[in-house]
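J.: Given next are the chains, with one letter for each unit.
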Amino acid sequence: MDRETRDMLLETADRFFTERSGRAIVNDVEKGVWPADLWKEIEEMGLPLIAVPEDKGGAGGTLADMLALLRTAGSHAVPVPLAETALANLLIAAAGGEPKAGPVTLALGNLTLSGGRLSGTVERVPFASVAERFVIVVGNTLAVVAAANVKVEGKPSHAGEPYGTVTFENATAEFTAPSPASADRAFELAAVMRAMQMAGAADKVLATATEYCKQRVQFGRPISTFQAIQHMLAELASYVAATIASAEAAARDADEGGLSDGGRFSIAAAKCQASDFAQRIAAISHQSMGAMGFTHEHILHHYTRRLWVWRRDFGSETYWGAKIGAAYAKAGPDVLWASLTASKYAA
Amino acid sequence: MSIPKLEFPPFHLPPEAEALRVEVRGFLKEVLPKVKSEDRFASWNTFSPDFSKALGKKGWIGITWPKKYGGSERSFLDRYVITEELLGNSAPAGAHWVADRQSGPLLLRFGSEEQRQAILPRITKGECYFSIGMSEPDSGSDLASVRTRAEPVPGGFRVNGTKVWTSGAHRNNYCIALVRTSGQHGDRHKGLSQLLVDLKTPGVTIRPIINLAGRHDWNEVTFSDAFIPESCLIGNEGDGWLQVTSELAFERSGPERFMQNFYILRELVRVLGRQPAKRASSILGRLVARLWTLRQMSVAVAGMMQGGKSPAIEAALVKDLGTIYQQDLPEIARAIAESDTTTEEDLADFLDVAQYATMMAPSYTIQGGTTQVLRGIVARGLGLR
Chain C
1 MDRETRDMLL ETADRFFTER SGRAIVNDVE KGVWPADLWK EIEEMGLPLI AVPEDKGGAG
61 GTLADMLALL RTAGSHAVPV PLAETALANL LIAAAGGEPK AGPVTLALGN LTLSGGRLSG
121 TVERVPFASV AERFVIVVGN TLAVVAAANV KVEGKPSHAG EPYGTVTFEN ATAEFTAPSP
181 ASADRAFELA AVMRAMQMAG AADKVLATAT EYCKQRVQFG RPISTFQAIQ HMLAELASYV
241 AATIASAEAA ARDADEGGLS DGGRFSIAAA KCQASDFAQR IAAISHQSMG AMGFTHEHIL
301 HHYTRRLWVW RRDFGSETYW GAKIGAAYAK AGPDVLWASL TASKYAA
Chain G
1 MSIPKLEFPP FHLPPEAEAL RVEVRGFLKE VLPKVKSEDR FASWNTFSPD FSKALGKKGW
61 IGITWPKKYG GSERSFLDRY VITEELLGNS APAGAHWVAD RQSGPLLLRF GSEEQRQAIL
121 PRITKGECYF SIGMSEPDSG SDLASVRTRA EPVPGGFRVN GTKVWTSGAH RNNYCIALVR
181 TSGQHGDRHK GLSQLLVDLK TPGVTIRPII NLAGRHDWNE VTFSDAFIPE SCLIGNEGDG
241 WLQVTSELAF ERSGPERFMQ NFYILRELVR VLGRQPAKRA SSILGRLVAR LWTLRQMSVA
301 VAGMMQGGKS PAIEAALVKD LGTIYQQDLP EIARAIAESD TTTEEDLADF LDVAQYATMM
361 APSYTIQGGT TQVLRGIVAR GLGLR
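Chains as they are written, first to last, in our numbering: chain C, 1 to 347; chain G, 1 to 385.
Calculated from the structure, these hints are not laboratory results. Glycine included, every Cβ here is placed at the ideal spot set by N, Cα and C. Among the hints, a few may not be true.
[To be verified] Derived BS3-like pairs (lysine-lysine); straight-line CA-CA distance at most 27 Å:
1. C:344 - C:330
2. G:200 - G:53
3. G:68 - G:57
4. C:40 - C:100
5. G:58 - G:68
6. C:214 - C:151
7. G:125 - G:57
8. G:57 - C:214
9. G:29 - C:344
10. G:34 - G:68
11. C:330 - G:125
12. G:5 - G:29
13. G:278 - C:344
14. C:31 - C:151
15. G:278 - C:330
[To be verified] Rough simulated footprint, nothing fancy, chain C against chain G, three-plus residues with beta-carbon under 8 Å:
16. 6-14
17. 81-89
18. 162-171
19. 219-226
20. 276-283
21. 292-300
Chain C with its partners taken away, still in its complex shape (with noise of 0.2 Å):
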């Protein structure tokens, strides 16, 4: 997809989620609520396809294409498997499949293959007690399993989102195929989808803040006019700036290095660091907002609370950070800047 397009689609996507994914359909999830509307018309503008190829129905765009859609998404809290969708329909084609319609979701854990069934379980698998398919990488293969297929013990996450434990007892897969992405690299791509929505909540969340600051009047003046609320705000955006410089760093990397590979250390280190941020971030905004911020009548924590929770999903930045830190210990303090120059876990 060329720069244009791309920002073409963001706009669009942008003001779609605006006007259709608000917060009454955010607060109408948490009850247990399916959005079925929001879900067709996402399908209906092909969003869930966005990088799949053209010849498979899909709209020909790159992994970057489809990660700065979801970094949009993140910014507007869209509570349907939209980024685990699109990434299982990517996956999906890259094994030679046929991606179809319905919410697909990722079930990435320790399971085996054997004859074409599945067994094992995994837990926190986000959107499991909605979507229609599951989509799991075993060493270098892909299976898709129908939700008929395997048990789900739903879980909702703290952000109210239907995460849900799933066990598969020697399920039927409706497919399989060598996949070019591993388990691991599928695991990967997974923390560099959540990196950048994180980077999107972010966004969204220093944006809320910083209105929010400007409205308020207390002792007679608004309070983004106290130099203390000014000072955490500007602590607030360089945590939010941090998170999405690395995000885009590393969907970057991702893309440009291909499918199976690309990129491995910048993921690490993106969702690394917007895992370790995220917590900073969630406190500077509640503090600055004060009890509103703190009511489930306002819309921040429908951010923060994503951003506790996609934190810890594919990968928290106490599991990235041990990956790296491994790396870089065994290679030794000679290469150390040569690595992190080189963007690689070993120069």
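Chain C is fixed; fit chain G onto it per the hints.
T.: Here is chain G on its own, set in the frame of chain C:
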């Protein structure tokens, strides 16, 4: 919502800059072991004329400047790579640092042809060093309140006043002093000018100000009826404020804002050994990820500047985050080193290094614009003031 969007478009340093990196690394590997340095862990405040001259010989000081002044007319991004390689390899780059980074570009922009010809080629050779004469006892962050007075007299100015925190004045050649050439103390931005001061000028007295780590970097520079010739006025009389603010904006977001104590991270990797426990690995990895992020941000800002934009807010954010990272680094590092290093001797050595870094750390969020000044800039950018 109407707040400006923060953007850090990912940027690749161009192939010629990456090729230069390889060259610089090769040079440092060969030269650094031979250079006499006063510090084990050198940085941009470690003074070594030998090293600066060697670097100058390679053409790597003032690399972006016109050839007629000794430069190579290479890009700002080539300079970026040299800067980060000097820091990443702990080179003692302090002698020429300010001249290359700040004073030379200022002279190039506002100086007279005579000044440029007399000074710039010497800077590029690594033999002419500069101090910054901005702060005064009563003027820190509020620079417009300077009191040092340059009274116009036949042929030049008679200067009286005091500059403080003047790094390297005891061994540098020149200082660029911000002085009041007309008007009163309360006139703020009006009536200020910049003078090129030879630090050997009669009437200029230099006394050490020792910092808390016991180092003599700073000085107090006193002017007592010092005569500065008219030819040493930089730019126009009365334009000092405009000139000085553009000087402050030079690369606020450069690697020196997050890599001044990079050696701590490297030494931490050394003491943790090749297979640290998971907790230590994880904390180390988070430190690496933060530094990587800062570098991505800084490179993105460099890319925007190269593309003709002036991302002032983004640059201020890099300095804010970067200087605080440098303060966190020794603290986090000593905690995991103490819990996860097995050899007592290595640990004691590392803790000494970390202690030194901790003592230097307060300076990071003060020099070149305090955290609070930076946050004011960002707040303005967010439309809060």
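J.: Look at each hint and say if it fits the structure.
T.: Quick rundown of the hints versus the structure:
1. C:344 - C:330: Holds, at about 13 Å.
2. G:200 - G:53: holds, 22 Å
3. G:68 - G:57: Within the cut-off at roughly 16 Å; holds.
4. C:40 - C:100: Holds, because 13 Å separates the two Cα atoms, which is no more than 27 Å.
5. G:58 - G:68: Judged against 27 Å, a Cα distance of about 16 Å means the pair holds.
6. C:214 - C:151: violated, 49 Å
7. G:125 - G:57: Between residue 125 of chain G and residue 57 of chain G the Cα gap is close to 6 Å, so the pair holds against 27 Å.
8. G:57 - C:214: The hint is violated at about 55 Å.
9. G:29 - C:344: Holds, at about 21 Å.
10. G:34 - G:68: Violated, because 31 Å separates the two Cα atoms, which is more than 27 Å.
11. C:330 - G:125: violated, 40 Å
12. G:5 - G:29: violated, 42 Å
13. G:278 - C:344: Holds - the C-alpha atoms of residue 344 of chain C and residue 278 of chain G are around 20 Å apart, at most 27 Å.
14. C:31 - C:151: Between residue 31 of chain C and residue 151 of chain C the Cα gap is close to 21 Å, so the pair holds against 27 Å.
15. G:278 - C:330: holds, 13 Å
16. 6-14: Three-residue rule met by the segment 6-14 of chain G, so holds; n is 5.
17. 81-89: With 3 residues closer than 8 Å to chain C, the segment 81-89 of chain G meets the three-residue bar; holds.
18. 162-171: violated (count 0)
19. 219-226: violated (count 0)
20. 276-283: Result for this restraint: holds, n = 6.
21. 292-300: This one holds; 7 residues, not fewer than the three required, reach chain C with a Cβ under 8 Å.
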